[in-house]
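Line by line, the protein sequences are chains H and G. Using the working numbering, the first residue of the first sequence is number 1, and each one after it goes up by one. Using the working numbering, the first residue of the second sequence is number 1, and each one after it goes up by one.
By construction, these hints were calculated from the structure, which means they are not laboratory data. Each residue gets a CB set at the ideal place from its N, CA and C atoms; glycine is no exception. Any given hint could turn out to be false.
[What the hints assert, rightly or not] Below, computed lysine to aspartate or glutamate pairings styled on DMTMM-like, alpha-carbon distance capped at 20 Å:
id, chain 1, residue 1, chain 2, residue 2
1, G, 68, G, 56
2, H, 357, G, 56
3, G, 254, H, 181
4, G, 254, H, 383
[Said to hold, decoys possible] Residues from chain G shown here face chain H by an in silico Cβ test under 7 Å; the list is partial:
id, residue
5, 251
6, 268
7, 270
8, 273
9, 274
10, 278
11, 282
12, 289
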Amino acid sequence: MSTPEISEPALRAAVRELLAAHDPTTTPVADFLGARYDAGLAWIHFPVGLGGRNAPRSLQQAVNEEFAVAGAPVLDPGRHGIGLGMAAPTLLAFGDTEIHRRFLRPLWTGEEVWCQLFSEPGAGSDLAALGTRAVRDGDSWVVDGQKVWTSLAHEAQWAILVTRSDPSVPKHRGMTYFLCDMTAPGVEVRPLRQATGEAEFNEVFLTGVRIPDSRRLGEVGDGWRVAQTTLMNERVAIGGSALPREGGLIGTVAATWRERPELRTPGLQDGLLRLWVEAEAARLTGERLRQQLAAGQPGPEGSAAKLAFARLNQQISGLELELLGDEGLVYDDWTFRRPSHPSMEGGTPGYRYLRAKGNSIEGGTSEILRNIIAERVLGLPQEIRVDKDVAWKDLPR
Amino acid sequence: MSESTESTDLQYSEVEQELRGNVRALLAARAPQAATLARTESEQPVDTALWRALADELGVTGLAVPEKWGGAGAGWRETAVVLEELGRAAAPVPYLGSAVLATAALLAAEETELLPRVASGELVAALAVPFGTAPSAPFPSAVRTGSDGRLHGRARLVADARTAGVLLVPALDRDGSAGLYAVEDFTVVPVVSLDMTRPLADLVLDAAAGRRIASGDAAVAVLGTALATGAALLASEQLGVAEWALETTTAYVKERHQFGRPVGSFQAVKHRLADLWVSVAQLRAVARSAAAAAATGTDLAVSSALAQAFASPVAVVAAEEAVQLHGGIGFTWEHPAHLYLKRAKSASIALGTADRHRAALAQLVDLTL
């Protein structure tokens with residue numbers, strides 16, 4: 001593609017041309033996605049040569065539609081969501097040409113899986129308090145510390161990593177952001193078993209891990225700003241996909257209600273109807289958010305959607321167990337395992353009830369989201385920050 | 001499941017945003033809250049001058065009426081935007097009663113004689129049912145036709161009837177069949193109303209002459225459509241009330257200092273307002289969806305019941321939070337918060353409580369006991 005055109009018809013035509021040359025049903029997935037990348041039809045708002053064509057982001061949907069209609073392969077968001085949704089935009093914004101060339105294409109084709117080394121045992125909601133140390137040693141850095149709640153660490157080749165490079169300045173200032181090779185010596189991944197009995201997540205221990213300075217993103221000490229880019233993209237990704245009425249967990253419980261008249265009581269009916277109304281309101285809100293994003297007007301409804309989703313999932317899954325009565329007293333299997341496809345709506349009712357408890361903690365607790373809405377949307381005063389001007393090393397912990 | 005609303009446009013068009021701006025500017029100039037509050041204790045609780053301005057200067061009293069019947073040829077979506085603004089101002093005009101409920105009935109009955117006069121705002125019309133009537137309620141029996149062929153009875157607690165020139169009266173004939181009548185001969189008995197900015201009235205029909213505009217099943221269908229349209233559109237007014245409460249309260253807690261800091265810096269306050277913002281954002285999507293359903297007639301039964309089941313508690317909580325988070329000043333007569341509290345609580349009963357709408361949903365989406 002020399003000078004790709006940017007109109008929607010031109011984009012659709014380019015997609016069809018690609019589909020004609022690479023049969024999506026017979027071409028291996030990585031090859032097909034590679035061809036899509038090389039044609040600038042991956043993330044179309046990226047630069048030419050990096051999977052895009054500097055096109056308006058609002059046209060991406062048309063491109064995706066055209067591929068979807070043809071049955072073209074897409075990567076599993078459960079396995080590649082961190083790479084596609086969070087690492088890629090950060091790499092693009094802060095990486096140099098060498099990093100762009102080395103990492104973006106295999107990330108897009110799914111040949112390399114990414115994970116995110118941000119949270120630590122002592123830095124959850126207060127991410128900026130993190131203490132994994134990075135010490136400069138010639139052309140590289142030596143990293144020591146512990147990360148936690150890392151999805152995919154046991155499958156990932158690469159990680160985006162935030163470290164403490166200068167403990168003598170206040171916490172937001174002394175951080176540095178790296179790309180970490182998960183196969184490097186000193187990286188140890190241990191499963192983190194959760195309340196459901198399984199281990200979706202990991203603890204990652206970093207002991208004397210050497211990272212070349214060329215794999216640093218952003219300036220030394222500027223890691224917080226780089227991390228903000230990553231996290232902002234996480235929130236953009238939260239919108240989710242379009243659902244029909246009763247498309248989520250509420251549909252499962254409604255179906256049980258319809259099929260099992262013997263379970264019904266007036267109190268449960270009232271609870272179910274209230275949640276049905278709430279679920280439909282949340283669905284319409286998500287739909288409105290998607291329309292705004294498609295029209296290029298991202299609204300702050302993303303934080304609202306996540307708050308509502310967490311509350312609803314917890315309430316609906318709780319009601320489901322009560323509705324089931326005796327059947328709600330059992331659980332399918334406590335055996336330790338590593339699920340390949342964790343799902344909020346899959347599994348058994350007991351699993352759904354327990355897993356939903358994570359929804360108001362992961363990806364920003366509901367309390368932090370309320371702070372964000374209050375401060376960034378409503379403009380209310382910020383929380384008093386006693387640690388703002390204190391050197392990281394002097395913070396009480 | 002019944003119709004999906006996936007493809008429904010839930011945004012505001014540019015035309016709607018312009019309309020909103022015009023209505024908001026007019027209300028700011030002609031219906032400041034101090035005047036609205038003073039009016040509640042005056043001889044004229046309904047602002048007829050404001051009604052004339054909405055009709056003559058903005059032409060918004062006939063938005064839902066096609067041009068061929070003297071309206072603006074817009075629709076219920078645009079009407080909903082006007083209602084949002086009227087809710088924000090707690091404006092004492094008979095818009096919901098005349099431009100929504102009665103107009104929806106006249107449109108459903110294709111009553112082309114009255115429509116142009118109602119659309120122009122020259123004639124205020126009221127649907128003579130108790131304001132608490134849900135779309136799923138049985139056909140009213142408070143008014144009956146007598147052997148004289150005239151209407152007898154009392155329609156209680158009717159909204160927006162104080163300044164009405166014509167009533168649309170559902171009545172039962174002597175054989176028990178339903179009819180809908182246009183009546184200009186009636187007595188208005190004012191009722192001291194919880195919502196001071198939408199005062200109710202009892203309407204006495206004493207051998208009143210009525211012109212039948214729909215009969216039998218058609219009359220039942222017309223009334224049902226009017227009430228469902230009203231329920232769907234009321235959500236937009238409730239959205240306006242909730243938005244006022246959220247915005248005013250947010251502004252106040254930034255200004256109000258206690259313990260040497262803005263009260264809005266306390267997390268107990270911030271989180272309540274954040275939760276309210278989430279609810280209001282959801283209500284906006286629900287109200288847009290309901291207005292769209294009214295406009296197309298598709299999925300109206302579910303959308304209107306959903307709208308009322310969701311909007312009523314949100315608007316009430318918003319108004320209650322406004323009172324609480326304003327502290328003492330929010331409990332005074334001089335502060336307008338109580339006007340919105342009264343409007344929100346009354347609106348939560350109007351056209352059926354949330355519970356009645358949930359009961360209707362149980363039937364509509366097959367979640368019966």
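Do the hints match the structure? See the list:
The hinted pair formed by residue 68/G and residue 56/G meets the criterion: a straight-line CA distance of about 18 Å does not exceed 20 Å. Between residue 357/H and residue 56/G the CA atoms are separated by roughly 56 Å; this puts the pair beyond 20 Å, and the hint is violated. For the given pair, residue 254/G sits about 47 Å from residue 181/H by alpha-carbon distance, which is inconsistent with the 20 Å threshold. A threshold of 20 Å between alpha carbons decides the hint, and for residue 254/G with residue 383/H the separation of about 13 Å falls inside it, so the pair holds.
Given the 7 Å rule on beta carbons, the hint for residue 251/G is violated: about 9 Å separates it from the nearest Cβ of chain H. The interface hint given for residue 268/G is broken, as the beta carbon of that residue sits about 11 Å from the closest beta carbon of chain H, more than 7 Å. Below 7 Å, beta-carbon pairs count as interface contacts, and residue 270/G has one with chain H at about 4 Å; its hint therefore holds. Given the 7 Å rule on beta carbons, the hint for residue 273/G holds: about 6 Å separates it from the nearest Cβ of chain H.
Interface hint status for residue 274/G: upheld, as the beta-carbon distance to the closest one in chain H is roughly 4 Å, under 7 Å. Because the closest C-beta pair between residue 278/G and chain H is about 4 Å apart, less than 7 Å, the hint holds. For residue 282/G, the interface hint holds, since its Cβ comes within 7 Å of a Cβ in chain H; the closest pair sits about 4 Å apart. For residue 289/G, the interface hint holds, since its Cβ comes within 7 Å of a Cβ in chain H; the closest pair sits about 5 Å apart.
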